[in-house]
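Enquirer: Line by line, the protein sequences are chains A and B.
Under the working numbering, residues 1 to 99 are what the first sequence spells out, in order.
Under the working numbering, residues 1 to 491 are what the second sequence spells out, in order.
No lab work stands behind these hints, which were simulated from the structure alone.
Please note: incorrect hints may appear among the correct ones.
[Stated by the list, open to error] So the derived list for chain B, only partly shown, Cβ under 10 Å to chain A, looks like this:
id: 1; residue: Gly274
id: 2; residue: Glu348
id: 3; residue: Ala372
[What the hints assert, rightly or not] Listed next, with one range per pair, are the computed distances between beta-carbon atoms:
id: 4; chain 1: B; residue 1: Gly66; chain 2: A; residue 2: Val62; range: 38 to 46 Å
id: 5; chain 1: B; residue 1: Arg86; chain 2: A; residue 2: Arg88; range: 31 to 39 Å
id: 6; chain 1: B; residue 1: Asp454; chain 2: A; residue 2: Pro73; range: 52 to 60 Å
id: 7; chain 1: B; residue 1: Thr258; chain 2: A; residue 2: Val62; range: 35 to 43 Å
id: 8; chain 1: A; residue 1: Leu95; chain 2: B; residue 2: Glu98; range: 25 to 33 Å
id: 9; chain 1: B; residue 1: Asp454; chain 2: A; residue 2: Phe89; range: 52 to 60 Å
Model, not experiment: these values are computed from the prediction.
Glycine included, every Cβ here is placed at the ideal spot set by N, Cα and C.
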Amino acid sequence: MAAISRDEVAHLARLSRLAVTDDELDMFAGQLDVILQAVARVSEVAAADIPPTSHSVPLTNVFRDDVVEPCLPQAEALAGAPDVADGRFRVPRILDEEA
Amino acid sequence: MSDPTRMTAADLGRAIGAGDLSAVDVTRAHLDRIAAVDERVHAFLHVDNEGALAAAARVDAARAAGEPLGPLAGVPVAVKDVVTTRGLPSTAGSKILEGWRPPYDATIVARMKDAGMVVLGKTNMDEFAMGSSTEYSAYGPTYNPWDLTRIPGGSGGGSSAAIAAYEAPLAIGTDTGGSIRQPGAVTGTVGAKPTYGGTSRYGLIAFSSSLDTPGPCARTVEDAALLHAVIAGHDPRDSTSIPAAVPDVVGAARLGATGDLSGVRLGLVREFAGEGAEPGVAAAVREGIEALVKLGAEVVEVSCPHFEYALPAYYLIAPSECSSNLARFDGVRYGLRVGDDGQRSLEEVMSITREAGFGPEVKRRIMIGTYALSSGYYDAYYGQAQKVRTLISRDFAAAFETVDVLVSPTTPFTAFQLGARTSDPYQMYLADLYTIPSNLYGGPAISVPVGLSDGLPVGLQVMAPTLADDRMYRVAAALETAVPRLVPPAL
Numbered sequence: 001m002a003a004i005s006r007d008e009v010a011h012l013a014r015l016s017r018l019a020v021t022d023d024e025l026d027m028f029a030g031q032l033d034v035i036l037q038a039v040a041r042v043s044e045v046a047a048a049d050i051p052p053t054s055h056s057v058p059l060t061n062v063f064r065d066d067v068v069e070p071c072l073p074q075a076e077a078l079a080g081a082p083d084v085a086d087g088r089f090r091v092p093r094i095l096d097e098e099a
Numbered sequence: 001m002s003d004p005t006r007m008t009a010a011d012l013g014r015a016i017g018a019g020d021l022s023a024v025d026v027t028r029a030h031l032d033r034i035a036a037v038d039e040r041v042h043a044f045l046h047v048d049n050e051g052a053l054a055a056a057a058r059v060d061a062a063r064a065a066g067e068p069l070g071p072l073a074g075v076p077v078a079v080k081d082v083v084t085t086r087g088l089p090s091t092a093g094s095k096i097l098e099g100w101r102p103p104y105d106a107t108i109v110a111r112m113k114d115a116g117m118v119v120l121g122k123t124n125m126d127e128f129a130m131g132s133s134t135e136y137s138a139y140g141p142t143y144n145p146w147d148l149t150r151i152p153g154g155s156g157g158g159s160s161a162a163i164a165a166y167e168a169p170l171a172i173g174t175d176t177g178g179s180i181r182q183p184g185a186v187t188g189t190v191g192a193k194p195t196y197g198g199t200s201r202y203g204l205i206a207f208s209s210s211l212d213t214p215g216p217c218a219r220t221v222e223d224a225a226l227l228h229a230v231i232a233g234h235d236p237r238d239s240t241s242i243p244a245a246v247p248d249v250v251g252a253a254r255l256g257a258t259g260d261l262s263g264v265r266l267g268l269v270r271e272f273a274g275e276g277a278e279p280g281v282a283a284a285v286r287e288g289i290e291a292l293v294k295l296g297a298e299v300v301e302v303s304c305p306h307f308e309y310a311l312p313a314y315y316l317i318a319p320s321e322c323s324s325n326l327a328r329f330d331g332v333r334y335g336l337r338v339g340d341d342g343q344r345s346l347e348e349v350m351s352i353t354r355e356a357g358f359g360p361e362v363k364r365r366i367m368i369g370t371y372a373l374s375s376g377y378y379d380a381y382y383g384q385a386q387k388v389r390t391l392i393s394r395d396f397a398a399a400f401e402t403v404d405v406l407v408s409p410t411t412p413f414t415a416f417q418l419g420a421r422t423s424d425p426y427q428m429y430l431a432d433l434y435t436i437p438s439n440l441y442g443g444p445a446i447s448v449p450v451g452l453s454d455g456l457p458v459g460l461q462v463m464a465p466t467l468a469d470d471r472m473y474r475v476a477a478a479l480e481t482a483v484p485r486l487v488p489p490a491l
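Only chain A is shown next, with the shape it has when bound in the complex (with noise of 0.2 Å):
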C-alpha cells in the first residue's frame, strides 16, 4: 500500500508554498511514497519511554550581555532585495488573497 497519495503530496506542496507542475507531482509522488515506506522504519524501534532529543548541546536559555552593537545600515540591509521603495523591501499585494 502506499504510504503517500498524489492528491496528499499536492497538499504538501500547496502548504510549503512551491506551484509544483502535473509533471512534478506525479515524479514526486512516487519518489515521497519510496521515502516515506524508507523511512517509517523508525516506527519498529520501542522507544515509547525514551525522551526525545532536538540538539546535541545541553545548553538552553543562552543570553549575551545585552550591549548596543552595530548593525547593518539600511542600504546594505536592503542591497539584496529584489524590490525596494522608499527605503522598505515592496512587497506584491497581501490584501484581497481570496477575492
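With chain A's structure known, arrange chain B on it following the hints.
Expert: What follows is chain B alone, placed relative to chain A:
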C-alpha cells in the same frame, strides 16, 4: 622550491612565515592552477582573483613590517558556497540565491581572514547541502579528479575536488549527514566533522540547524587540524556554540604522526559488519584497521543496536528542520522573485518563486519535512525520530565506555558514475549510512584515505566522543603514516 600547489598547508605556512615564499606567489600559483584545470573539474562556482591577491599582498606586507604571522597566514583556502562571504557570491548551489552577495562574513570566514588566510573563491555543492554527489547543484556537477566521469561526493564535492585537484591546499566544508567526510573519502582526501557546537554556525545558510557543522577539508591530517584550530571555538553569535576550550587538535595530529597507538582501543560496530559496504571498500578498510593494530592499537567489537535506524531517523529530522529553515526564501528580503506582475498576491508570487528557485531534491525534502511535522503525523515520524536519536546517542555513550574511538568505512561505495543514482533519491541517501550516526550524536568524526578499490579512493572513518576531537586526529594521523599516500592521476 617545489611547486606551491603540491605542498601541504603546514609547509606553505612555514615557507611564507620564513620568507622563502611570498603569499602572493603562493596565491598566484593556485589561481593559475584553477585557471588551468577547473574547466574540467568545476570545483568552483566563483573565483575571487582580485580579492585573493589583495589578501595575500597584505600578508606579505605584514611580514615585511615584522608582524608575527600565524601558522596558516598567506595559505589559500576554498570556501563551500553555503558559507557567507562578505561581498562574494554565496548561492548555496541554488538558483534562488543567484547573484546574492552577503553583507557579512560567517564567523569561520572572519576567523580565517584574521589568521591571514587567503579566500580563493566559493566551491560547488549540492543545492543547500542536500545530496551526496554534487549533482543536485543548480550550476552543474563537479567532476571527481580521479575519474572525470564520476561524482566527487556531496554535498561538498567542490571543496574536496578542489583539494584533490591541487587547486587549493585547504577548503571549508559543512557536514550535516556526511557532506565533509563522504566527499573526502571518494576523492582520496581528508575531511573532518568537528564536534557539533565546536565550530560556529553563524553565517552558514541553514539546512538542518541541529546537525549542520562546518569543518576542514585537506590533503593531510595535520593540515586539517591546523584549519580546525583556526575556525573552532566559542562564538556568542551562535546559541549552540559550546563555551569550552578547543581540544589541542594540532598537537594530537603530531602525536599521532609518531605512529604509536599503544593502549588505544578501536571499536568495530557489529551492526555495521553486515551492512552494505562494497567488497573492495570493506577490504581496504580491513587492511587499514590491521595497519592500526600494527601501530599498537587494540580492536574490540562493540554493539550499537540502534545505528541501523540512524538513516531513517536522519531522513525525518533533517528534512523537518529544512522545511522550516527554507521557509525564509520567500522572495522578499533577498534572492529570486518570480511572477510579480502587479496583480498576483504575495502568496502566489512566493509559490511561483520557490517553484522556480528550488531544484527537485530540495522540493522533496521540504515536502517530506512538511509531512513529518504535520499534526497527524508528528508523533509517528518527527517525534519518533527524535527518540531514536536519543537511543543512538546512548549507543555511542555505551561504546565509549569500552573503546576510545569507533572505526568504520566512511561510505559504503566508491565514487559512482555521474547520473547513476539521481533517478532514485533513496539510493543516493545510502551514501550516508556510516556518517549519519555521528551527526545525530554530535560527536566528531573524520575520514582518512586508506587505500584504493578498483583504482578509486576509499576512506576510513574515525568517530570520537563529543569534545574529544583531538582523539580522532591522533588516530587519523597515525593511520596516515601506515598507508601509502593516494595521488590522483594527472589532469
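Enquirer: For each hint, tell me whether it holds in the structure or not.
Expert: Right, here's what the structure says about each hint:
1. Gly274: violated, 16 Å
2. Glu348: Holds - the Cβ of Glu348 of chain B comes within 10 Å of chain A, reaching about 8 Å at its closest.
3. Ala372: At about 8 Å, which falls below the 10 Å cut-off, the nearest Cβ of chain A leaves the hint on Ala372 of chain B intact, so it holds.
4. B:Gly66 x A:Val62: 38 to 46 Å: Since Gly66 of chain B and Val62 of chain A have Cβ atoms about 41 Å apart, the given range 38 to 46 Å holds.
5. B:Arg86 x A:Arg88: 31 to 39 Å: violated, 23 Å
6. B:Asp454 x A:Pro73: 52 to 60 Å: About 56 Å separates the Cβ atoms of Asp454 of chain B and Pro73 of chain A, which means 52 to 60 Å holds.
7. B:Thr258 x A:Val62: 35 to 43 Å: At roughly 39 Å between Cβ atoms, Val62 of chain A and Thr258 of chain B fall inside 35 to 43 Å, so the hint holds.
8. A:Leu95 x B:Glu98: 25 to 33 Å: holds, 30 Å
9. B:Asp454 x A:Phe89: 52 to 60 Å: The hinted range 52 to 60 Å holds for Asp454 of chain B and Phe89 of chain A, with Cβ atoms some 54 Å apart.
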